[in-house]
Amino acid sequence: MESEPQKNGVTRREFFRIAGRAGVGLVVSIYVPEWLGVESTAPNLIPRLETPWQPSIYATLDSTDVLTVKAFRSELGQGTSTALAMVFAEEMDADWSTVRIEHVGANRAYGDQMTVGSRSIERYYDPLRKAGAAARQLLVIAAAQRWSVEPGSCRTEQSAVIHPDGKQMLSYGQLVSDASQLDPAKASSAPLKDPASFKIIGTPRTLYHAPSMVRGEPLYAIDVRVPGMLYAVVARCPVFGGKVVSFDGSKASAVPGVRRIVQIDSGVAVVADNTWAALRGRAALQVTWDEGALASSSSASIREGLIKSAPSVDGADAQTFKAAYDIPYLAHAPMEPMNCTADVRRDRCEVWAPTQAAQAAKQAAQTLTRLPDDAVIVHVPIVGGGFGRRSGTDFVRDAVQVSQQVGAPVQVLWTRDDDLQHDAYHPLSYNYVESKLNDASVPTALPTNRSFTQRGGVPTGSWRSVNNFTDAYARESFLDEVAARSKLDPLALRLKLMPAQGQQVLQLVADKAGWGKPLPEGQGRGIAYWALWGTTHVAEVVQVAVAADGTVRVPRVVCAVDCGQVINPDTLAQQIEGGIIFALTAALKASITIDKGRVQQRSFADHSLINIAEAPAVEVYTIPGTGRPPTGIGEAGVPPLAPALANAVFAATGIRVRHLPIRPEDLRR
Amino acid sequence: MALITLMVNGKQTSVDVDPATPLLWVLRDALGLMGTKYSCGEGVCGACTVHVDGEPRRSCVLTALQAVGHQITTIEGLAADGTHPLQQAWLAENVTQCGYCAPGQIMTAAALLAKNPRPTDADIDAAMTGTLCRCGTYQRIRRAIHRVAGQGGA
Ligand code: FES
Ligand code: FES
Numbered sequence: 001m002e003s004e005p006q007k008n009g010v011t012r013r014e015f016f017r018i019a020g021r022a023g024v025g026l027v028v029s030i031y032v033p034e035w036l037g038v039e040s041t042a043p044n045l046i047p048r049l050e051t052p053w054q055p056s057i058y059a060t061l062d063s064t065d066v067l068t069v070k071a072f073r074s075e076l077g078q079g080t081s082t083a084l085a086m087v088f089a090e091e092m093d094a095d096w097s098t099v100r101i102e103h104v105g106a107n108r109a110y111g112d113q114m115t116v117g118s119r120s121i122e123r124y125y126d127p128l129r130k131a132g133a134a135a136r137q138l139l140v141i142a143a144a145q146r147w148s149v150e151p152g153s154c155r156t157e158q159s160a161v162i163h164p165d166g167k168q169m170l171s172y173g174q175l176v177s178d179a180s181q182l183d184p185a186k187a188s189s190a191p192l193k194d195p196a197s198f199k200i201i202g203t204p205r206t207l208y209h210a211p212s213m214v215r216g217e218p219l220y221a222i223d224v225r226v227p228g229m230l231y232a233v234v235a236r237c238p239v240f241g242g243k244v245v246s247f248d249g250s251k252a253s254a255v256p257g258v259r260r261i262v263q264i265d266s267g268v269a270v271v272a273d274n275t276w277a278a279l280r281g282r283a284a285l286q287v288t289w290d291e292g293a294l295a296s297s298s299s300a301s302i303r304e305g306l307i308k309s310a311p312s313v314d315g316a317d318a319q320t321f322k323a324a325y326d327i328p329y330l331a332h333a334p335m336e337p338m339n340c341t342a343d344v345r346r347d348r349c350e351v352w353a354p355t356q357a358a359q360a361a362k363q364a365a366q367t368l369t370r371l372p373d374d375a376v377i378v379h380v381p382i383v384g385g386g387f388g389r390r391s392g393t394d395f396v397r398d399a400v401q402v403s404q405q406v407g408a409p410v411q412v413l414w415t416r417d418d419d420l421q422h423d424a425y426h427p428l429s430y431n432y433v434e435s436k437l438n439d440a441s442v443p444t445a446l447p448t449n450r451s452f453t454q455r456g457g458v459p460t461g462s463w464r465s466v467n468n469f470t471d472a473y474a475r476e477s478f479l480d481e482v483a484a485r486s487k488l489d490p491l492a493l494r495l496k497l498m499p500a501q502g503q504q505v506l507q508l509v510a511d512k513a514g515w516g517k518p519l520p521e522g523q524g525r526g527i528a529y530w531a532l533w534g535t536t537h538v539a540e541v542v543q544v545a546v547a548a549d550g551t552v553r554v555p556r557v558v559c560a561v562d563c564g565q566v567i568n569p570d571t572l573a574q575q576i577e578g579g580i581i582f583a584l585t586a587a588l589k590a591s592i593t594i595d596k597g598r599v600q601q602r603s604f605a606d607h608s609l610i611n612i613a614e615a616p617a618v619e620v621y622t623i624p625g626t627g628r629p630p631t632g633i634g635e636a637g638v639p640p641l642a643p644a645l646a647n648a649v650f651a652a653t654g655i656r657v658r659h660l661p662i663r664p665e666d667l668r669r
Numbered sequence: 001m002a003l004i005t006l007m008v009n010g011k012q013t014s015v016d017v018d019p020a021t022p023l024l025w026v027l028r029d030a031l032g033l034m035g036t037k038y039s040c041g042e043g044v045c046g047a048c049t050v051h052v053d054g055e056p057r058r059s060c061v062l063t064a065l066q067a068v069g070h071q072i073t074t075i076e077g078l079a080a081d082g083t084h085p086l087q088q089a090w091l092a093e094n095v096t097q098c099g100y101c102a103p104g105q106i107m108t109a110a111a112l113l114a115k116n117p118r119p120t121d122a123d124i125d126a127a128m129t130g131t132l133c134r135c136g137t138y139q140r141i142r143r144a145i146h147r148v149a150g151q152g153g154a
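First to last, the protein sequences are chains U and S. Counting in this note's numbering, the first sequence runs from 1 upward without gaps. Counting in this note's numbering, the second sequence runs from 1 upward without gaps.
These are computed hints drawn from the structure, not numbers from a lab. Among the hints, a few may not be true.
[Stated by the list, open to error] Residues of chain S placed beyond 10 angstroms of chain U at every Cβ, according to the derived structure: (1) Val52; (2) Glu55; (3) Leu62.
[To be verified] Pairwise CB distance ranges (calculated): (4) S:Thr129 <-> U:Ala293: 39 to 49 angstroms; (5) U:Lys193 <-> S:Asp123: 25 to 35 angstroms; (6) U:Lys517 <-> S:Arg118: 25 to 35 angstroms; (7) S:Thr129 <-> U:Pro518: 40 to 50 angstroms; (8) U:Ser253 <-> S:Ala2: 50 to 60 angstroms; (9) U:Arg656 <-> S:Leu65: 50 to 60 angstroms; (10) S:Ala92 <-> U:Asp248: 51 to 61 angstroms; (11) S:Arg118 <-> U:Thr203: 28 to 38 angstroms.
If you're wondering where the values come from, they're calculated on a predicted model, not measured in any experiment. All C-beta atoms, glycine included, are put in the ideal place defined by N, C-alpha and C.
The task is simple: from the sequences and hints, build the whole structure.
Spelled out as structure tokens, the structure:
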């Protein structure tokens with residue numbers, strides 16, 4: 001395998017992509033990290049000729065016009081790396097076909113890198129616009145110097161600077177060496193484009209990695225293979241907080257291919273020559289556990305405790321309305337289960353982590369290895385779904401600890417039952433809402449819930465949209481109950497209570513969904529609105545058909561979003577569609593229950609996800625946002641779904657369900 | 001351990017494995033074909049779908065021994081250059097989000113279209129229901145399959 005060292009110390013291999021550009025010829029240049037380990041179908045024909053120009057930490061440009069934008073937020077399928085590259089390329093006036101995206105891994109130069117809370121675009125839109133504009137400006141100055149003309153008389157287009165005569169042009173690549181001589185301060189106040197003239201921002205672009213994904217290329221951490229690597233799975237105590245008392249590895253060691261059995265913080269790891277041997281070894285392993293204090297806890301008893309600590313819903317009267325809503329523990333269950341590969345040596349540590357928190361992963365590795373900052377390298381491959389789960393570092397610590405003990409690179413794989421039974425769950429909560437009503441039986445203010453949760457040793461964490469999911473479910477169900485009591489239309493009531501941006505998305509979604517139009521018997525529509533993190537306004541209308549046996553079918557969901565400037569409309573639609581399906585699993589199908597301190601679900605058979613036959617047709621509409629700052633969309637589809645569904649079920653059946661998931665037995669008539 | 005000869009993507013290849021090893025792990029760990037994904041390991045998610053003599057099969061519940069003597073096709077072998085009509089349709093409809101389920105989805109859909117070039121929505125439901133996507137790309141998967149069918153099949 002041909003390879004060459006790069007400046008950042010990572011060995012990379014030339015891979016190919018043809019970026020054609022009139023007047024420049026064909027360019028072959030894209031890199032695939034060597035650890036991906038696939039044989040390239042392309043010969044390594046064209047070596048890199050020079051160090052590319054780096055106008056800022058966000059990108060490099062080489063003399064063949066290839067613009068490499070650094071992806072410094074984790075890519076989980078939410079399209080952030082493509083969107084950030086679009087922003088940079090837009091302001092630089094780059095030809096999109098010359099763009100490639102390179103993931104940087106953990107690096108403090110890029111801020112906290114915590115890829116959570118739908119905030120990558122919201123935060124980095126301005127910095128990347130400015131960086132793109134500055135790069136463009138330097139190229140313009142370089143061209144103007146060559147032509148001895150005023151920079152202001154040149155224009156740019158598709159990765160080229162155009163001479164004032166309108167005929168001569170220099171491609172960006174041709175200007176790389178000139179531009180790299182310039183003082184970047186010359187471009188510190190480069191003007192930004194008028195958003196009305198955007199050519200890339202606001203246009204649909206296929207996700208950059210999609211072609212590799214459909215070919216099955218090894219993009220993910222689970223696909224990492226390094227020479228001499230071993231494979232491990234970990235036996236964990238089935239009860240949260242339990243500890244290893246002792247283990248007998250004699251049977252496990254007898255499994256062909258099993259190399260080592262080592263104890264780590266999370267349990268006992270079986271290390272083998274391949275995944276299958278590790279799995280068989282773990283099945284043969286005998287561990288005695290101290291189950292600890294949680295061995296008698298259950299989600300039912302935790303819930304009982306919460307209800308006792310919350311105000312009573314009894315005692316509502318004409319002026320006050322009270323209700324409470326239950327949300328169970330919820331799992332993330334990304335299709336790529338937790339895993340991590342680590343290679344810990346005496347003086348360095350390299351980690352490949354499917355993480356949303358690159359620097360937390362690095363910090364965890366540093367703490368365990370006591371190595372200095374520059375001796376720990378964390379790569380962040382494409383992540384096969386995150387949803388908040390990967391902001392933790394448990395899977396990283398597993399791999400680092402096992403590699404430390406066995407002195408070889410190790411991939412620790414979590415099986416699906418490990419993943420479901422040792423998640424950091426969306427917490428179980430009991431949500432009490434109370435509201436004073438005015439003479440027209442309308443709440444005197446927008447109600448808010450008091451959310452009662454108790455961790456009680458059960459690991460909890462961020463789950464796509466976090467408390468927005470919980471709070472929206474409580475408030476928006478509550479408002480519908482008030483509307484029904486007061487004989488008000490649920491839309492009309494919301495239009496009275498919500499801020500202007502909320503009213504806009506409510507009106508839009510109602511129009512598109514045909515709100516108020518008659519539906520056949522047994523069907524109903526429900527509406528809900530939420531401002532995700534207070535900034536992205538989203539309203540949904542869910543249509544349901546409830547069968548006599550209580551089975552709920554969801555043929556259609558319509559969504560209206562106001563997220564300011566849209567970067568990639570296709571990504572926006574994908575994220576809303578995906579958020580709706582994600583929330584629908586929680587609203588109708590899967591939850592996590594605990595008995596005797598153990599999670600009762602262990603596979604996609606008893607924690608079943610919405611499938612294609614159950615998936616509604618989703619329509620997404622946006623409020624035009626050109627020129628306004630963009631706000632987050634990765635979680636936006638989630639919060640309104642469950643309340644809109646519960647409200648639709650009520651409209652169809654007259655039955656109000658105050659818990660999730662809504663099950664057929666709740667609705668049997 | 002035993003030397004087992006498999007026919008994968010048209011090439012004969014011998015591997016020294018425990019014959020009870022699921023084909024999934026032979027592909028991934030022994031042959032370095034990483035396109036076939038692990039997600040559940042018990043036949044309920046479809047991420048590991050490959051073709052065995054043209055039929056969609058879950059490689060996590062098929063042993064290496066059972067695969068002997070059959071033509072195995074993985075996502076890497078579906079089309080030499082990744083230009084199977086479904087792979088193109090996946091891009092045209094911008095189906096993938098995280099993309100982790102894509103190989104299994106595409107292999108399942110390819111087997112469907114090979115038998116039934118003009119599937120109805122009900123046919124798609126029947127063939128694809130067991131192939132899960134946590135990112136929720138289902139309506140785009142449906143559109144991608146219809147797109148290929150509309151072009152005259154795979
Ligand atoms: S991994 Fe084989 S069906 Fe899920
Ligand atoms: S695209 Fe992520 S699981 Fe399907």
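_Numbers of the earlier hints that this structure fails to satisfy, in rising order_ = Violated hints: 5, 7, 8; rest satisfied.
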